[in-house]
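Chains as they are written, first to last, in my numbering: chain D, 433 to 639; chain A, 468 to 696.
In case anyone wonders, no lab produced these hints; they're calculated from the structure. Hints should not be assumed to be uniformly reliable.
Claimed, not checked - Derived pair list, reagent style EDC-like, types lysine to aspartate or glutamate, alpha-carbon separation capped at 20 Å: (1) K679(A) to E657(A); (2) K517(D) to D611(A); (3) K579(A) to D539(A); (4) K517(D) to E614(A); (5) K517(D) to E564(A); (6) K507(D) to D632(D); (7) K517(D) to E562(A); (8) K571(A) to D555(A); (9) K634(A) to E614(A); (10) K685(A) to E609(D); (11) K517(D) to D609(A); (12) K634(A) to E567(D); (13) K679(A) to D647(A); (14) K517(D) to D610(A); (15) K685(A) to D619(D); (16) K517(D) to D620(A).
Unchecked claim - Far from chain D, by Cβ distances over 12 Å, these chain A residues were calculated: (17) I549; (18) E557; (19) T558; (20) G587.
Just so it is clear, CB atoms sit at the ideal spot from N, CA and C, and this is done for glycine as well.
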Amino acid sequence: MKKLRYWLIGLLLIIGSLGVIPAASAATMPAYGNYKLTWNIESIYYYIDQSAPGYSGTIAAAANNWVYTGLGYNKLYPNTRTYNKTNSAVDFYAAFYGNYAFTAMTETYKRVNGNAVSVGWVEVPNRTGTGVPAENYLFAEIHINNDIFDGYTDFNQRQGIIAHEFGHAWGLGHNPENPNSIMYNWDSRNVYTIQQVDQDAFNALYP
Amino acid sequence: MNRIQKIGIGCTALLVVALLVGVIIINYQSKKLEGDKINTQEFIDGSETLDDGSIMYEVTASYSYPTSNPEDLFEMANLVVIANFVEDVETEINENEVPFTISKFNVQSIIKNTGNFAIGEDILTKRSGGTISLQQLLNARDDDFAEKIGANDLTTAQKSSAKVRFKSESIGDQSIEEEDTRLLFLHKAEGEEYFTIIANDYGMLSYNNTTKKAFNAKENNYSSYSFLE
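With the hints as extra help, turn the sequences into a complete structure.
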């Protein structure tokens, strides 16, 4: 009887340890979307247009935000600046769109060949304002609205907004129900760094 | 070493092996992608051929706003109206910017007018997005952009005839058509020619004249708002 008890305990421990693998995998949550950037995510470069030179420090901080999350393995490396737009996966622009337009926005493009030139975001019916890419894409443009963006004086918030747009460039949609995610829709999000849920979604997109 | 200790050591060893296997599996999956670019020549034909034979491409952008709460938009606006959509007048794009569309709305009622505007039958509004020709887009970007999207492979005729629709992020079923009634949150500063629709789609909510309710993007239904009473 004692022998049987010991073996039962051992068996329970083995079953429990096997549960660690799926538990670890479950920490990588399902992605917000199924489509992504076709550039090699391990060698990403961004370009800053002459309209946005003043934001280079903020953009660099936001890029580092994604590379050095402190949340474990992240395939995104490096995420550095290039001065050659043909080598960049993300292009930054800035303009004055007025105080009542958007803060920043991201568009995604793929190559023309007499067929679809750009990708569209599809609606996710149960999650308003989320949007996910409808197909893979080659590069993204991020447009900053100087009028609203310059009104934010907190550097952490500013780089958090850019980090949010980088998330769209990777293929992540919005997270309207979670203000503790960098992908929360609005500038009033509670966090300015990549959170576990964001990292998990990124890693699910780029396993 | 007694039996319990042996079992304990055995189970611990198994646990360590299981964890190592898990780590190896996760790392292997992470390293699957290789190469600089994943087959950029692959295309999914998501274009649409219009009645005139031109090809329509679509770009949908994802926007960030300070807020999209209707109560906040009401406070920000210096004109709030209920109006019926008439038509899109024109879409333009400036160098290195996103396109914008001028639209005409027929005003049904004025909810707020702190700007003291003289409002006639129709007003002209401005919002991000709209449809332009591929050539217009290329003119607003540089040669590197054209090279990246492969536009240099197209003929002049193809570039002129192809259209690009910049669609703003849709919230619920808000595709606009002629006679659609909308609750518009607008702002116009001195010297500006058009009323800006604040926060794009969030600032032009679908409105139900019978129930006196406007579309609630968060709840994905129609809601009453205090400023509509």
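Against the structure, the hints:
A threshold of 20 Å between alpha carbons decides the hint, and for K679(A) with E657(A) the separation of about 31 Å lies outside it, so the pair is violated. The hinted pair formed by K517(D) and D611(A) meets the criterion: a straight-line CA distance of about 6 Å does not exceed 20 Å. At roughly 13 Å between alpha-carbon atoms, K579(A) and D539(A) fall within 20 Å of each other, so this suggested pair holds. In summary, the hint linking K517(D) to E614(A) is supported, as the alpha carbons are separated by about 10 Å, within the 20 Å threshold.
For the hint pairing K517(D) with E564(A), the CA-to-CA distance comes to about 16 Å; that is within 20 Å, so the pair holds. With a C-alpha separation of about 11 Å, the suggested pairing of K507(D) with D632(D) holds against the 20 Å cut-off. About 16 Å separates the Cα atoms of K517(D) and E562(A), which keeps this hinted pair within 20 Å; it holds. For a cut-off of 20 Å, the pair hint linking K571(A) to D555(A) stands: about 6 Å separates their Cα positions.
As the CA atoms of K634(A) and E614(A) are separated by approximately 23 Å, the hinted pair breaks the 20 Å bound. Taking the CA atoms of K685(A) and E609(D), the gap is near 9 Å; set against the 20 Å cutoff, the hint holds. At roughly 10 Å between alpha-carbon atoms, K517(D) and D609(A) fall within 20 Å of each other, so this suggested pair holds. For the hint linking K634(A) to E567(D), the alpha-carbon distance of about 16 Å falls within 20 Å, and the restraint holds.
Using a Cα cut-off of 20 Å, the hinted pair K679(A) and D647(A) holds, with the two alpha carbons roughly 14 Å apart. Taken as a hint, the K517(D) and D610(A) pair is honoured in the structure, with Cα atoms around 10 Å apart against an allowance of 20 Å. For a cut-off of 20 Å, the pair hint linking K685(A) to D619(D) stands: about 16 Å separates their Cα positions. Restraint check for K517(D) and D620(A): satisfied, since their Cα atoms lie roughly 18 Å apart, inside the 20 Å limit.
Here I549(A) stays apart from chain D, with its beta-carbon at least about 19 Å from theirs, past the 12 Å limit. Interface exclusion of E557(A) from chain D stands, the closest Cβ pair being 18 Å apart, more than 12 Å. The Cβ of T558(A) lies farther than 12 Å from every Cβ of chain D, with a closest approach of about 15 Å, so its non-interface assignment holds. No beta-carbon of chain D comes within 12 Å of the beta-carbon of G587(A); the shortest separation is about 22 Å.
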